[in-house]
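Number of protein chains: 2
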Amino acid sequence: MINNQFAIVPTDSEAAIAELKTIHFITDEVSKLTTVPAVYRALLAKSFPEVNTAAGLTHKFKNLMATSQHDLAAWLENATVVNNQVFYNVGLQLLGFLPGEDFDLADPLLAMRDIHLPMVADSAFDREALYYAWYLLLNTRGKKGQTLIEILTTRGYFAPFYDLPNAQKPLFFNGKSQAVFNTNHLIRDVVYVEAPLDTDHDGQRDLLKVEILRPEETASGLKVPVLYTASPYNQGINGHAGDAQMHNVDVPLTAKEPDNNTYDDVAYQPTAQALPAKRPVEHETKDAEETFSREQSYTLNDYFLARGFAVVYAAGIGSVDSDGLATTGDVAETTSTVAIIEWLTGKRTAFTNRDGNVAIKAWWTNGSVAMTGRSYLGTLATAAATTGVDGLKTIISEAAISSWYDYYRDNGLVVAPDTFQGEDTDVLAAEVFSRSLKAGDAHRIQPVFDQKLAELTRDQDRTTGNYNRFWDERNYLKNVDKIKADIVMVHGLNDWNVKPRNVANLWDKLQNVPVTKKLILHQGQHIYINNLQSLDFTDMMNLWLSHKLYDVDNHAESLLPNVLVQDNTAAQTWHGYDNWWQDTDQALDFKVQYKELVPADHDVDQRAAHFSDHLPDKLFDHYRHHLDAWQADLFSEHKSDPMYDHRLLFKSWQAPHDQLLVGRPHIKGSVAVNQNHGMLSFMLVDFGMAKRLTVSPQMIASKALDLGYHWREDDLKDFKLAPATPFKMITKGHLNLQNRHHPWHAEAVQPNEFYDFELDLQPIFHHLLAGHQIGLVIYATDMKMTVRGNQNLQYSLNLNDIRLHVPVKPVDQN
Amino acid sequence: MINNQFAIVPTDSEAAIAELKTIHFITDEVSKLTTVPAVYRALLAKSFPEVNTAAGLTHKFKNLMATSQHDLAAWLENATVVNNQVFYNVGLQLLGFLPGEDFDLADPLLAMRDIHLPMVADSAFDREALYYAWYLLLNTRGKKGQTLIEILTTRGYFAPFYDLPNAQKPLFFNGKSQAVFNTNHLIRDVVYVEAPLDTDHDGQRDLLKVEILRPEETASGLKVPVLYTASPYNQGINGHAGDAQMHNVDVPLTAKEPDNNTYDDVAYQPTAQALPAKRPVEHETKDAEETFSREQSYTLNDYFLARGFAVVYAAGIGSVDSDGLATTGDVAETTSTVAIIEWLTGKRTAFTNRDGNVAIKAWWTNGSVAMTGRSYLGTLATAAATTGVDGLKTIISEAAISSWYDYYRDNGLVVAPDTFQGEDTDVLAAEVFSRSLKAGDAHRIQPVFDQKLAELTRDQDRTTGNYNRFWDERNYLKNVDKIKADIVMVHGLNDWNVKPRNVANLWDKLQNVPVTKKLILHQGQHIYINNLQSLDFTDMMNLWLSHKLYDVDNHAESLLPNVLVQDNTAAQTWHGYDNWWQDTDQALDFKVQYKELVPADHDVDQRAAHFSDHLPDKLFDHYRHHLDAWQADLFSEHKSDPMYDHRLLFKSWQAPHDQLLVGRPHIKGSVAVNQNHGMLSFMLVDFGMAKRLTVSPQMIASKALDLGYHWREDDLKDFKLAPATPFKMITKGHLNLQNRHHPWHAEAVQPNEFYDFELDLQPIFHHLLAGHQIGLVIYATDMKMTVRGNQNLQYSLNLNDIRLHVPVKPVDQN
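If you read the sequences in order, they're chains A and B. The UniProt record's numbering puts the first residue of the first sequence at 1, with every later residue one more than the last. The UniProt record's numbering puts the first residue of the second sequence at 1, with every later residue one more than the last.
A portion of the hints provided could be inaccurate.
Identical copies look the same in the list; a pair holds intra-copy or inter-copy alike.
Within a straight-line C-alpha distance of at most 25 Å, the following computed DMTMM-like cross-link-like pairs (lysine to aspartate or glutamate) qualify [to be verified]: (1) K482 x D715; (2) K691 x E128; (3) K278 x D355; (4) K703 x D715; (5) K484 x E455; (6) K256 x E473.
It is worth saying that the hints were derived from the structure and are not from the lab.
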């Protein structure tokens, strides 16, 4: 295993000793001990909260080896000095590493270095060095992805701290808030926030149900910050309604009427809408009338519930017990999302029930809010941030959409999120309109929603795939300059559901916005990374939120790398960078000739190449049900392979040395098609036999991560190297030939006439190993994402015109 | 969905009303209400523990439809009578069923019948009928596999009951103990039981670590029964040590020296061993000195922790913090398992720590013990039961081994548990010898254990595969007549890890033992069935244990079917039977001729058939890594298929009607082989295109089952019908030709000479659909289970001699 730890705050010895006192490792009794081994023994004794007698403790010590020949109990009996060999032999065992398997008792320092664990160099410890080493060890991650202080937390170390007075809470250690809050005593409230909306047109402002979990200490005056997750899913989803709305993608691409649209023609302009009056407030109370037993929880939030943060969930307009309609990404949805923050910061009213006359304030919060969540949840965090709403100090947006056009469309084409062929904004709205799950409510509201659904279906316009006013309303990138919240973005470089363009465009736009922004790019798909063995993501977020929401001066902004990227060629390897592609001006530039990508400054053969998009019916049908087989066949290079005549494939020479391909690969060229419409798709591929990371993190230990003490648990996982494969897709892109200049502008295509095109592919951060080849695949129908009419479309490309530009940065930057 | 509920205790109206009072549904206030609708409203109001105001409640009522046109709030305003249409419309919604999707508001009774939910027939309810219907509804399972009273439990209904005086606890409803114990306040103790063993020969009796979880009410005098799980895994496992011990199975079968063994020659005789003296007791205490934070838990136990049962875990000899050595199934292991029960019942001493002079009694228990657990855990429960130990009232043994020879061997062959090729008793011992995980302890004990390991390796005797003294010691079936505990057995008919013979032999032997025995046969592999949507297994076990351990007179013994079997041809279908095959004398009897199974009374062609066990190297290597491909090819019927010449396949005529194949299929015949050793394997196969159940239960709802209130959760799952397949293996069996009469007796084989053989296949309970065909496959090397030498062995079978006998029972018995 290799440890990657970014959240350790460099701390001087004096501060470390003070902190050890705060968490009761150094007590008056310990201070009075006269020898270093005695102090060491006392620290170790506190590491076994399970036993309360000398006999019990001796047995625990006997289970540990101090040297290759002596167990800890025996060693302690005769110890006169504590050296780093013994300290790290015992330390590694406390961290869960196994002598013989993970390290050699004869040389623990070697393992400390190999696993990348921080250590103190002194060979013999004086009292101060021992304290410092102990402090560092507490902050060191063990075999199961938890630091020693977290391991002790899950074993009850902090349970006695539950009773500390509020003045001593929260409790920070190494800049991070600790689990001194009893999660068995959380207070759970439901309130109804009145939003400045009437999306269901019932003449009343929409009430939005909010679920609150807060530490019981708030009841006695502690003010806590809030992690707010806006999740349209968390009151349930209507899978049947979503399925019924799903679109058939086995339909032909059709020609669109050419238009003269400019962006201004499709720009969304807000229109002022009359709003019903606010509900009058008759009384005010501090006590909620309604509670709940089990929210749809989220690991990162659960972790912070044990650490002095409140958590707030709201599903927004159209969800169970709320008013309004689901509208997938529009301005009303953002307003609904922001209304909760406005309530948390005292600027909007909430009621204790849906009758709406007894108001209740968020009196228990300090007014600092962060938003969290992945996918749609992270999307709403992004949406809220682009309003610049006060009180929203930061968002941690994971796998978030930054423009809905980039989620459901691409360059004038309907392009589905991976594994969701046929989904669209209306499908998603039908699914998250959970009011339909409550028959009584549905009875009243369904006809109103069905009308909204028809509107979504019409305006999303699957017929043309063009960018229009509907999509412009749903483009948060337009408002990036309004962002005031600091941002952590997390995205999978292999996320073909919410494609990397979504985070890359946001990141790029943020370059000129005066907020702190951090980016983490992992090698997963559409996943959370809370539970990886090799990265201290949760600690990093603790550092970040302790700073942003509790104003702890912990250097979070400088400690966290600007851009943290998981290497795609090795397990458990993460590198920090100053930026993505924005700080590089180097690139690889290619031309093509028969089957080859060649450097752009070479002379090449002049010729055209052709392919037919039409597949034999049986093959087409097979691929419809075996999408991965289709993709693999796309890369196969034998003339007899079924896709051979249905795409063009160009491969570069072998890379002379490792290369980091970064940013937006750009392709241009000229193409003709035999009808008055057509599309092109492109993939960049890494060719070369190599062990590559598993697509998803693999289970290491089930339920190994207790998020507090007797609290919720998560599984420990990580990516591993899988058996060698010959290729891997790096990125892709799609283009409707009629949108060769703009997604909002449809131009004519004459059959068999050549047209210039150019486009960016989805952005990348790819480590290409020496000896590997870059492949460029040009094809048309993308079985996984585009419509699939299996039409008789023949494409010709002028090879002479094709150029591929791939930004690169030096591998050794880090 | 189809509901299968066996744990509803028939209750008369008077008793039902009394019970509704006990659980506070009928209160004095409710009794004073004058109209039936008012009573109905009051009952409904108590079903929303989340809200405490009229306004909040009205909103909840507005979410429910009472009729196709009126929501519950509106309907209640004008209601003068309560009819069963409204009652079950609302009831179905309370149970989680969705109008429009799961049932029609115009006809809820149809859905009640279709889903197999119990109901009251009256069309209009008087007060008594309403109470009774409500009582029944509380005991009815909903869409997510929980009864309404369980749904209410997970939403906090019983939280106010935590404070009831001990005299009112436990609280039984419909014969089952309810979750009125606060699982956040469980007391966790560690004690060390002194076993009458010294397996590590250190001159001290072996101390065994025990982890206890008990309700806090025990501290104030409540005596509770114990669910005890003996799990060698639950202090951790040493995967590396197990892997290092794993045996190579790609070795040839070899000839064994013929012997004259009778069973008496291999019968295990216990030898008296001198035992060190007991530790002297210097003090006694009621307070443990050691606790623990997180046991390796088990869903069924967790469920009972909320319901007034203590749970005790012990990993036994050789595990972390215990003494002794892992010995895989021997008598010492059983003694170690039983020692915990002896302590629980006051007959053995436990100490507060490993110094062993302060004794601690199990003063908090009523002395009634049940054992629970699956696989090795269930095996140890079986082992303990066969000692007849006092206090062990019942065991619930799931997928348990009844004889270790039947786990690792078959008729003179090494036959691995499925997916564990190369495993054996020594591998398992190395894995569960978790003392090796504690370096300090390992330093002292590893050499002693390595010697024991060498002994296991020698005595298990992979060379001959014979049944010997070693295996006879590990055969619990010999002691079935000593069993005094009532037994529930659960086993998968597709469990090829712990094969069905293990449960069938125990069941068969128990026929003459005067205890109550129940058998549940499901269609899964080696799984738990706690979390199935379609079966109330947990409720059944609650009924069982409330009766066995709390002496509740709830008719558990008559309500639970003797033999409950999941149908293999339909989803969510379970049938009760009086017995397995023991109550039938009917059978199908077959002869064979070229490719055919024909009725035994037909004349057949006289000829021999041959096959070669030797595969081309490349194919053999392919199958080694693709075991399922090997098995599928075994059934392929085309001459060009790769396994065609390497097995014989005989298929019956199409079944004229549905048949239930039950018990032990029996095969006899005569065979010759071209060398002085050989083996035969057999499979019965169900041929016929049909949708068959998924191999494993599929996820329906993640974490949907809260086992109490704010307590641990399990996923809801069930088997579903998968796309149609042409065949499915029903059962298999294996035979070393040298053990053609007894597994303990090796006889000579002369090359090319014919020998009679006969054997039972693994027992079955298989529903063969009309039109399907039974297939018999005769082959030799079983890639999944036997050694795989890919030897040049040629087999000839006299077709004239082959007979297949399959017991059957009438399909319509149920």
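State the violated hints by number, sorted upward, taking the hints as numbered earlier in the document.
1, 2 and 5
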